[in-house]
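Go ahead and model the full structure; you've got the sequences and the hints to work with.
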Amino acid sequence: MSVTNLLENWAEFRHTHPVDDVPHDPYKWAMSIDMDTCTGCNACSVACYAENNLPVVGKDRYEHGQAMHWMRIERYWPEDGREFPDQGAQFLPMMCQQCEAAPCETVCPVGATNHTADGLNSQAYNRCIGSRYCSANCPFKVRYFNWYDYPTTENVWPAEMTMQLNPDITLRGKGVMEKCTFCVQRIRAGERSVKNEGRILRDGEVQTACQQVCPTNAITFGNLVDPDSRVHQQWKAQRVELTVDEQEKDKEEGGSDLRGYRILEELRPYPSVMYLERVRESAI
Amino acid sequence: MSKRHLLAVFSNFHEAEAAVTELRNTSIKGFDSNEDMIVKSPIEHPEVEEFLGDKPVYVQWFTLFGALMGGLLGFFLISGAQANFYAQIKGGKPIVPFPPNFVLTYEMFILGGVYITVLGFLICAGLPAKRSPLYTSKVSEDQIAILVKTDEESAGVLKAIFTKHEALEIQEEAGK
Amino acid sequence: MKDINEDIAWAKINTDVLRSLESPRKLYWVIVFGALAVFSVAVGCEVYQYNMGMGVANMDNPHVWGLYIATFIFWIGMSHSGTLLSAILHLMHADWRKPIYRFAEAMTTFSLMTAGLFVMVHLGRLWQFYYSLPYPNDRSLWPNFQSPLLWDAMAIFTYLSSSVIFLFVGMIPDLAICRDHLHAGWRKKLYTVLALGWEGTDRQWRNFRVTYLTIACFLIPLAVSVHSIVASDFAMSQQPGWHVTSFPPYFVAGALYSGCAAIITLFIILRYTFKFEEYMTLAILKKTVRLTFAIAMVWTYLNAVEFASVWYSHDIASKEVLIQKATGPYAIAWWGMIFCGSVVPLILAFKRFQTNIPVLLVTSLLLNLGMWLERWMIVAPTFSHGIYPWTWDHDQWPSWVQWGMVFGSFGWFTLLFMVFCKVFPSVSMYEVKEMVYHRTLASKKLEDSGMQESGKGAH
Numbered sequence: 001m002s003v004t005n006l007l008e009n010w011a012e013f014r015h016t017h018p019v020d021d022v023p024h025d026p027y028k029w030a031m032s033i034d035m036d037t038c039t040g041c042n043a044c045s046v047a048c049y050a051e052n053n054l055p056v057v058g059k060d061r062y063e064h065g066q067a068m069h070w071m072r073i074e075r076y077w078p079e080d081g082r083e084f085p086d087q088g089a090q091f092l093p094m095m096c097q098q099c100e101a102a103p104c105e106t107v108c109p110v111g112a113t114n115h116t117a118d119g120l121n122s123q124a125y126n127r128c129i130g131s132r133y134c135s136a137n138c139p140f141k142v143r144y145f146n147w148y149d150y151p152t153t154e155n156v157w158p159a160e161m162t163m164q165l166n167p168d169i170t171l172r173g174k175g176v177m178e179k180c181t182f183c184v185q186r187i188r189a190g191e192r193s194v195k196n197e198g199r200i201l202r203d204g205e206v207q208t209a210c211q212q213v214c215p216t217n218a219i220t221f222g223n224l225v226d227p228d229s230r231v232h233q234q235w236k237a238q239r240v241e242l243t244v245d246e247q248e249k250d251k252e253e254g255g256s257d258l259r260g261y262r263i264l265e266e267l268r269p270y271p272s273v274m275y276l277e278r279v280r281e282s283a284i
Numbered sequence: 001m002s003k004r005h006l007l008a009v010f011s012n013f014h015e016a017e018a019a020v021t022e023l024r025n026t027s028i029k030g031f032d033s034n035e036d037m038i039v040k041s042p043i044e045h046p047e048v049e050e051f052l053g054d055k056p057v058y059v060q061w062f063t064l065f066g067a068l069m070g071g072l073l074g075f076f077l078i079s080g081a082q083a084n085f086y087a088q089i090k091g092g093k094p095i096v097p098f099p100p101n102f103v104l105t106y107e108m109f110i111l112g113g114v115y116i117t118v119l120g121f122l123i124c125a126g127l128p129a130k131r132s133p134l135y136t137s138k139v140s141e142d143q144i145a146i147l148v149k150t151d152e153e154s155a156g157v158l159k160a161i162f163t164k165h166e167a168l169e170i171q172e173e174a175g176k
Numbered sequence: 001m002k003d004i005n006e007d008i009a010w011a012k013i014n015t016d017v018l019r020s021l022e023s024p025r026k027l028y029w030v031i032v033f034g035a036l037a038v039f040s041v042a043v044g045c046e047v048y049q050y051n052m053g054m055g056v057a058n059m060d061n062p063h064v065w066g067l068y069i070a071t072f073i074f075w076i077g078m079s080h081s082g083t084l085l086s087a088i089l090h091l092m093h094a095d096w097r098k099p100i101y102r103f104a105e106a107m108t109t110f111s112l113m114t115a116g117l118f119v120m121v122h123l124g125r126l127w128q129f130y131y132s133l134p135y136p137n138d139r140s141l142w143p144n145f146q147s148p149l150l151w152d153a154m155a156i157f158t159y160l161s162s163s164v165i166f167l168f169v170g171m172i173p174d175l176a177i178c179r180d181h182l183h184a185g186w187r188k189k190l191y192t193v194l195a196l197g198w199e200g201t202d203r204q205w206r207n208f209r210v211t212y213l214t215i216a217c218f219l220i221p222l223a224v225s226v227h228s229i230v231a232s233d234f235a236m237s238q239q240p241g242w243h244v245t246s247f248p249p250y251f252v253a254g255a256l257y258s259g260c261a262a263i264i265t266l267f268i269i270l271r272y273t274f275k276f277e278e279y280m281t282l283a284i285l286k287k288t289v290r291l292t293f294a295i296a297m298v299w300t301y302l303n304a305v306e307f308a309s310v311w312y313s314h315d316i317a318s319k320e321v322l323i324q325k326a327t328g329p330y331a332i333a334w335w336g337m338i339f340c341g342s343v344v345p346l347i348l349a350f351k352r353f354q355t356n357i358p359v360l361l362v363t364s365l366l367l368n369l370g371m372w373l374e375r376w377m378i379v380a381p382t383f384s385h386g387i388y389p390w391t392w393d394h395d396q397w398p399s400w401v402q403w404g405m406v407f408g409s410f411g412w413f414t415l416l417f418m419v420f421c422k423v424f425p426s427v428s429m430y431e432v433k434e435m436v437y438h439r440t441l442a443s444k445k446l447e448d449s450g451m452q453e454s455g456k457g458a459h
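Protein chains in written order, with my numbering: chain A, 1 to 284; chain B, 1 to 176; chain C, 1 to 459.
Calculated from the structure, these hints are not laboratory results. It should be emphasised that the depicted structure is a prediction, and the values quoted were computed from it without experimental measurement. Mixed in with the good hints, there may be bad ones.
Stated by the list, open to error - Here chain B is said to cover these stretches of chain C; the calculated rule only asks that three of the stretch's residues, wherever they fall, bring their Cβ under 8 Å from a Cβ of chain B:
#1 7 to 21
#2 138 to 144
#3 357 to 367
Yeah, the Cβ is synthetic: ideal placement off N, Cα and C, and Gly gets one too.
Okay, structure coming up:
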């Protein structure tokens, strides 16, 4: 019964993730994005549209802020008064950060979004009732709501275009929240195939769509608990820890040679994406 | 021995009070002033309770029970549901987090308290009630009524007492 | 100033109040049909939105919440004054509440029902709203008990059902009066059933008193918790402008404020339409107005506290949200809120306006406008200038669908309220009798002691 269960497993129910927790095992999916190599070409965003059956909403709705780009390239211009600085714009590929302690999860009234055992922030479309609280509480604003019923909207996927839809994932109807999943359909397919061989996924066996198309290899995706993975090595080299809210880089006085940082770390969502700072010599 | 009902109507509390006091102090055969007398009034009147003597109210025990059960049920239902059916980490919080569960326990505490209080009220006040044999709609206007139940032969004594205290009207149950 | 006449015959109280169930002024029907028309606007908007998707409300990313949530808070807030009048003032033995608490309580119930509608129309998948209820099911799926929205659902359910019960229990003696004094018809049957066979016996009154007091005691912490929980929807989040410690008391003060203002409005309307001049006296209005003024000043203070604590904090994001509220696209609404919420109530401080009905009607409507703007200014600006700079550029304005729904909700509320006042006695007859009775006793006592003193002097 529930009371017995409560008493027996009390310690397990009361521990705090991720700070007093053992790391995810055997998988903890994570990313690192090198902004030095990112050229802002938007290929990742396009690949994401194709892989995840994202609706193209059209110019008007895009202008209204109703676009569904799970992966978006943000442009920032240095504020030095010039319209086009020598260094050009800064690009920041932004997608769901798959936080270890995601602010969106606690606030969902129906529990449609949860933390999975492999460290992802899952979204159950069938359970979602569209209260949009998750998006309201997301510090990165990377959750996208289906403002219209895109599968039935004309010109989103005209008749012949439906052939290009990815059969591995569903189309989302109106009123459902969605977001980057780290291409969870690829991860699950990979896990199933290696299960037959009695082993776990090796680095590089699963690639996200954005990673796959990135012409400059700016995006690295992999299993953070696997010491051989590239993402693990990058995080380690940058001394970025998953479960702390202030990294070595920020602690060093007078600037640091380390480049790795996570966005809005001070809010303690413990994001799973590390960004590598752009290195440029000053143009001035 | 057949019993019959009498209803006397008074225009104000003083007369009713005098009548009740006399009834309580007189011993009449087949009439127990604690059991067989009911005072009906248009407003809640603390003096009625005084001159009728001490009669206990048990509603608050229902309240206590309801509130405690509501709170306990709330806490264990919620924690049990979180632990049993939904052992899923959310946002870095424990699976059974206290602050939200206390908020909901608090609400359930009040919910249980209110519901069971009303249940207790209905039970203690005997509602919904069958209409009593004698009633006058004047009671819901501005008059006080005393309903008594007594033996056939004592009816006259009671009537005399009522008349003495200037009852406006005395209703009698039709004889059987 | 004329207060309730102490010598009023109790039978006259009955006939006067019962008359409100029969023959109101023509204005009543104008209001009812007007409200129906206004409500149908909201129905139309909802049908359209239901079929098309939430996009027609012109929300976007990041502006995922809009007028629906703001108006939801507004209606929840409105509900608090009913509890203030019926429960808090009951415990404080303020007898002037007695002629007006019934309609204030009805206001509580109906504004909660209106607030509930906004939760519904806000949902992207309205047809699946029952996922948020903790019902037992085969798949052992439960709602997420950590979500403040779920606390909201629980708190509102508790509050709504408790206030319906409180309203009903408090009305039982009056229903018995209706049963006894109305001519035969469907209503008499209804009252007969609802009165539960109440005859005003000593046993019934004894238990009634304890029950009423107990529920009143429960309702006060409940009302405070309800709006604190609504405040938690925001305070528990991480967003700048929302993550404010003082939000729960601030929300509760705002709730009492808008509720009291609404009571003044409805007081004036009911007094006229149902010819309640004899019971809803200017003396009572004056007390309500003074109470409203006091609460307005509390609200103003808490507002200032919030601004100050943001301004002097090192939370840059919150500070920018505050600056943006005062200077950005929402500046008109924000300054409107300050004006209507903090400046307009100063009128209430003047004695000569405290009983001036036209001035009070306009003032109370302005106060409520201010309080509505306050809720909007809590919800919206955080989205347009949140933590994450990439989302700052978006400009967003609610579409006519949102405005229509907000507009229509007033029709829904008015409709429910007006129908209630026609079907049930909106002035508590038995409590007015009690009030008159106790006042007579008190003045008699005063007279007696006065006579004794003067008698002493003569000796």
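So, going through the hints one by one against the coordinates:
1. 7 to 21: holds (count 4)
2. 138 to 144: Result for this restraint: holds, n = 4.
3. 357 to 367: n = 0 at 8 Å, threshold three: violated.
Of the hints listed earlier, the one the structure fails to meet is number 3.
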